[in-house]
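Visitor: Here are the chains, one letter per residue:
Number of protein chains: 4
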Amino acid sequence: MERRNVGILGATGMVGQRFIQLLANHPWFNITWLAASDRSAGKTYADACKWKLDTPLPKHIAQMVVQPNTPEASTTELPRIIFAALDADIARELEPKFAEAGCAVISNSSAFRMTLDVPLVIPEVNAGHLDLIERQATRKTSGGYIVTNPNCSAIGLVLALKPLEDRFGIDSLFVTTMQAISGAGYPGVPSLDILGNVVPFIKNEEEKMQEEVGKLLGTLDGSSVSPLPAKVSAHCNRVAVEDGHTECVSIKLRKPATYEQVIAAWEEFQPLSGKGLDGLHLPTAPLHPVEYDTAVDRPQPRLDRMRGAGMASTVGRLRPCSIFDWKFVVLSHNTIRGAAGAALLNAEILAVLGKLDFRQFPPLKQPVQVAEAVVKA
Amino acid sequence: MERRNVGILGATGMVGQRFIQLLANHPWFNITWLAASDRSAGKTYADACKWKLDTPLPKHIAQMVVQPNTPEASTTELPRIIFAALDADIARELEPKFAEAGCAVISNSSAFRMTLDVPLVIPEVNAGHLDLIERQATRKTSGGYIVTNPNCSAIGLVLALKPLEDRFGIDSLFVTTMQAISGAGYPGVPSLDILGNVVPFIKNEEEKMQEEVGKLLGTLDGSSVSPLPAKVSAHCNRVAVEDGHTECVSIKLRKPATYEQVIAAWEEFQPLSGKGLDGLHLPTAPLHPVEYDTAVDRPQPRLDRMRGAGMASTVGRLRPCSIFDWKFVVLSHNTIRGAAGAALLNAEILAVLGKLDFRQFPPLKQPVQVAEAVVKA
Amino acid sequence: MERRNVGILGATGMVGQRFIQLLANHPWFNITWLAASDRSAGKTYADACKWKLDTPLPKHIAQMVVQPNTPEASTTELPRIIFAALDADIARELEPKFAEAGCAVISNSSAFRMTLDVPLVIPEVNAGHLDLIERQATRKTSGGYIVTNPNCSAIGLVLALKPLEDRFGIDSLFVTTMQAISGAGYPGVPSLDILGNVVPFIKNEEEKMQEEVGKLLGTLDGSSVSPLPAKVSAHCNRVAVEDGHTECVSIKLRKPATYEQVIAAWEEFQPLSGKGLDGLHLPTAPLHPVEYDTAVDRPQPRLDRMRGAGMASTVGRLRPCSIFDWKFVVLSHNTIRGAAGAALLNAEILAVLGKLDFRQFPPLKQPVQVAEAVVKA
Amino acid sequence: MERRNVGILGATGMVGQRFIQLLANHPWFNITWLAASDRSAGKTYADACKWKLDTPLPKHIAQMVVQPNTPEASTTELPRIIFAALDADIARELEPKFAEAGCAVISNSSAFRMTLDVPLVIPEVNAGHLDLIERQATRKTSGGYIVTNPNCSAIGLVLALKPLEDRFGIDSLFVTTMQAISGAGYPGVPSLDILGNVVPFIKNEEEKMQEEVGKLLGTLDGSSVSPLPAKVSAHCNRVAVEDGHTECVSIKLRKPATYEQVIAAWEEFQPLSGKGLDGLHLPTAPLHPVEYDTAVDRPQPRLDRMRGAGMASTVGRLRPCSIFDWKFVVLSHNTIRGAAGAALLNAEILAVLGKLDFRQFPPLKQPVQVAEAVVKA
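Chains as they are written, first to last, in the numbering used here: chain A, 1 to 377; chain B, 1 to 377; chain C, 1 to 377; chain D, 1 to 377.
These are computed hints drawn from the structure, not numbers from a lab.
Note that this is a predicted model, so its numbers are computed, not measured.
A virtual CB, placed ideally from N, CA and C, is assigned to each residue, including glycine.
Accuracy of the hints is not assured; some may be wrong.
What the hints assert, rightly or not - Some chain A residues close to chain D (C-beta under 10 Å, calculated; not the full set): (1) Thr55; (2) Pro58; (3) Lys59; (4) Ala88; (5) Asp89; (6) Ile90; (7) Arg92; (8) Ala240; (9) Glu242; (10) Asp304.
Unchecked claim - Listed next, the stretches of chain C that the computed footprint assigns to chain D, with coverage defined by at least 3 CB atoms under 8 Å from CB atoms of chain D: (11) 94-108; (12) 198-211; (13) 223-235; (14) 357-367.
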């Protein structure tokens, strides 16, 4: 199978770097386009980016020239699939331009997550919501659309909640997060704020968690999603951890569930089997999206964040709650499962569902000079 | 006023060191006796102890000879007031011996906190519970008794809860802690476990918090305390912070309370004024036991733990809870307000209440050789 | 004695905050003026500053209005003594303006440290260099001048070197630093760069250390300082420590010295006794500017940085070097002894030397509106 | 090729765990035997070990029964190749027993590194020293022997020194280390000692570095190694880093070398090519044992320790030294290249050199019950 060309918007930031790392040897996708802010455009990626990952920057990526971050200004051929790793304010302005141009914009930003016709998707949880794509205005004209993945603090949690919702129903839950510094990007959190410290506040994070859980576990009713009517109360904290968000949960279920039943719900969770997706192998999907660890003091970010190559959600410490039904701890990698890996898995399921094929749509609008170059070549 | 002689059991540990630091220039108390395990007994304190505080070890303490940790084995005169900083297992064995000998044992251990006739006290919260002392069997014979202070994670929380209980009543609460490493003593938490990590488990901590809150806010009914019937659900975590426990709370009150009313309850909390304690000045009591900080990202352990010389509980981020009534964050210094300072404040209120005067009781039983030496001198 | 009015340039930064903390209850000085960049000018200090110290921001300082950072633009009376905590680039532009206006500019910046007629001073090391003040052009016209203190990494080291130079002479030395994050200001070092990491590079730091050591230990020859001809080779690193620079030194002396002689040189170091300064008590001067600790694993930043109220340099681990003569470790607090405390001690010795008296000089040039207000009042 | 059976002595410690991780899918070796102290013997490995690595404990290893740590007490067949990860005191007692029994003991301990007839080897540096094996008394009787790798702080440094010694000769060098906590094992460094701190002392570490550099770069003269007569002065520090030792070096060479020549020496260093080893591929050997990074602020432990799968030594910041010739920074992974990976690479080169073939030696002495079991099976 020929690999599809993809681009990365916001390629120099922390999530952009993770996209490059995860796509470096991807069997289905091939990075042909990188874009970043005006400050970086025109430079080689190696010059524009302060590479902060502990795997080497791939050589061919290092030499690519960073493009301006609009479809019109690109000086090379724009790919039809765009991974977007932009701050919300910038995403709000730029992502629609790429959708209008005809691109599948697979976004990690919060800008459009709660927009009615934009799917907010975790493939193992609510792949069916991807049908919303067909409701987007740009889809009908250019074929382009926007798909989003949840906030880094919501995604690991919702993976753990989904099997419980399926079997027992969720009435309400408290969640307190202890979130890694990489979630704030680079330079992000000043070291003077976090070394030997806890910051009990992350702007807009509690609001995002509370509303995204409802949409992710909600029901697609024709043109929009009816959120799950579960009540969620979130407390969000920043702690001195590089990667991996840890979350303490107290949950009230709609139906009684024993300890063994809850564990079984997690261990038997095989959402990408059956349902027409059977036999599929999404390269980035972990074998077990939820892993339960029986050790009394797990999960821990340093030890468990890389389970499932950073794509699994690890759960532990299931025990009775003196107010609600059960207490447990969830952990997931915030820049892999919680950001770049989440978007990549969305792209993989879109590929399988045929939504990355654009044959029936008009060709991508290219800037004049690129179109000419393409014709010549 | 002449300073009273006091001793410290478990003097070489982290809490023992804090006792020495806080008592170094105390106007009412004078350290004359230090005891520790057999490994240390007979050595000078400087040789027996790995001093880990950032103020210098006082010279006269450095030269004191560490005593064995039983009343009988002491080779110098035993003081009548004993601060005890022992692990629970050892406390369970040793503290009663000192009470039997006639000492006021002011304990930081969990061993007897839930014992029916042992007061568990925060002076600003439930000084009245100290009447339980008179119920203790040893009180009637030797005059000795045991008094305890709460767990380091309960104490800051209960200071913040008390004004709410007084004005609105507490129905139930969730609390998630992020606790400092000093709470585990020395060597305590291995650095490989906590650097860049979170450990979502502290043995017995959740149980202690849940039961101690009830007893502290309970009502003394003659011979025992009826616990407050509020439901408490605790999640306890260890984080990479040196000192200072941060706690996220969601609370359901019995009566409605506005934002302003909750803040006022905290700001007007002056528990040591009036009630017969008026005019008292307890040297270790903070002017404001609960400080509310209006900044959006406070309290933080590194910045706020030393408020009130480490004896205040700082509260912040009061905001509505989507399930219960209110959410907020509490912070207090775990080895000052949460341990040595708590016991010291207990000693101060006992002094004021006359419970450190032993004139009507038989003299302290001394080991033969000490008694002889005392007679000679 | 009436306290002298002082101002702080760059009052909102980390060093500015330390100035406020150290001056809060100073017996000789009284803060009447705070200035910062245009972004802050006009706001109250509380609004302009993100206070990052663990002692409370004094209430009267919180309410002061931040002034613009030039003499002409000030809307309140300019004090004659200015503590300057500016970045080098800005200091280069602004400090001379205040000296021209007639102020004693007591600077923590590197901008003019190596300027021929500007004293670079540690009072315990080279107070005599303060005579250079009289060589400055502004001194002759307005009475104003600039005085500097060394880099935070040089100052603790030079305190330890001075007694060795006095008794044995220094031929050459290697020094490797492990520097705290507070040395980079706020926001300064991103947490992603330093958590669980070492950064083996601090811009210009090695160069500053190498040249400042020479000037500090040099000889004042009329109009300039002949640097000590010792060779210094520095390696500078950033580590995950909040405050306190640790430095490993290997030193070659000019005269042989035994272990006991080296220790004695440090322990007997009483530079502010005698020499006409006898009987002086500089409030910020530590009793022992160099403390030698005999423990095998000291000094350590967390335990030793606050010795002498943050103004002492702690030395330890003296042992033979297999190439040079001796190896040892030095530690000092980088924002107290290494910055704000250093400047404050410079101000104190200037006060004693009469260099903060401006009676024989013309009055300070005030902006028109301030002068008018002053006249009216 | 059939994989050779190997055992691990000290299998539950931090280095033992790394051995298991690195051997898990090794093409040449197969773990069939694990031993640890009496406390662990008889338990399954999963029960005996607190697994601290972020890759999962392999299932078949988890279920293996931990053996007692002497050849006689083993209840299963003893393999002929033993990786030893023991503390020095224990190694001194146990390793010779395994050599006497006929095993190749590939040791990470310091116990016998400086013993005259024991090779201290980094394959890329001094593989020739392995001839010393034939001088060992046990070799002649049972075929068994001991081989050692250097201290974790010496190994990365010597990799960087070897190309310089080969081309320019080394006269003397200063080195200051900033060492990771994993080097102290588990529980190892208490978090209260290292969080936000530096400990400028590691027992015996400076002595080990100084003497091991000489032996590693020395010349094999018949029956022993003449150490390189270079002078080495080491300062060793512990810092708050999980893995990866950073070292600042100042070096004096015997022959002049330009910047370009020094870089070339490192970049052209291909020690496992040629010399009869040509064409060899040692599975654990990095392609480039020394990588020079041109960035101004590299190497850094968090970003560079995993180069060459944790087996490369990264060098950076080459710049002139004001006393010696050159200054630079070296970094290597202390539990991979500095411990388990070092021993594993030693085993690989021993395999290639035929020194893991025991056909000409007597069969391994087995405990009676094992021998019987083997016969039956």
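Visitor: Indicate, hint by hint, whether the structure satisfies it.
Guide: Evaluated hints:
1. Thr55: holds (7 Å)
2. Pro58: Pro58 (chain A) check fails; min Cβ-Cβ to chain D is 14 Å, beyond 10 Å.
3. Lys59: Nearest chain D Cβ about 14 Å off; hint violated.
4. Ala88: violated (28 Å)
5. Asp89: Check failed: Cβ of Asp89 (chain A) comes no nearer than 29 Å to chain D, outside 10 Å.
6. Ile90: violated (27 Å)
7. Arg92: violated (33 Å)
8. Ala240: holds (9 Å)
9. Glu242: holds (8 Å)
10. Asp304: For Asp304 (chain A), the interface hint holds, since the closest Cβ of chain D sits about 7 Å away, which is under 10 Å.
11. 94-108: Since three or more residues must qualify, the claim that chain D covers the segment 94-108 of chain C is violated, with 0 doing so at under 8 Å.
12. 198-211: As far as the segment 198-211 of chain C goes, the hint holds, because 5 residues have Cβ atoms under 8 Å from chain D.
13. 223-235: Since 4 is at least three, the answer is holds.
14. 357-367: Not satisfied, violated; 0 residues make the cut.
In summary, the structure is inconsistent with hints 2, 3, 4, 5, 6, 7, 11, 14 from the numbered list given earlier, while agreeing with the others.
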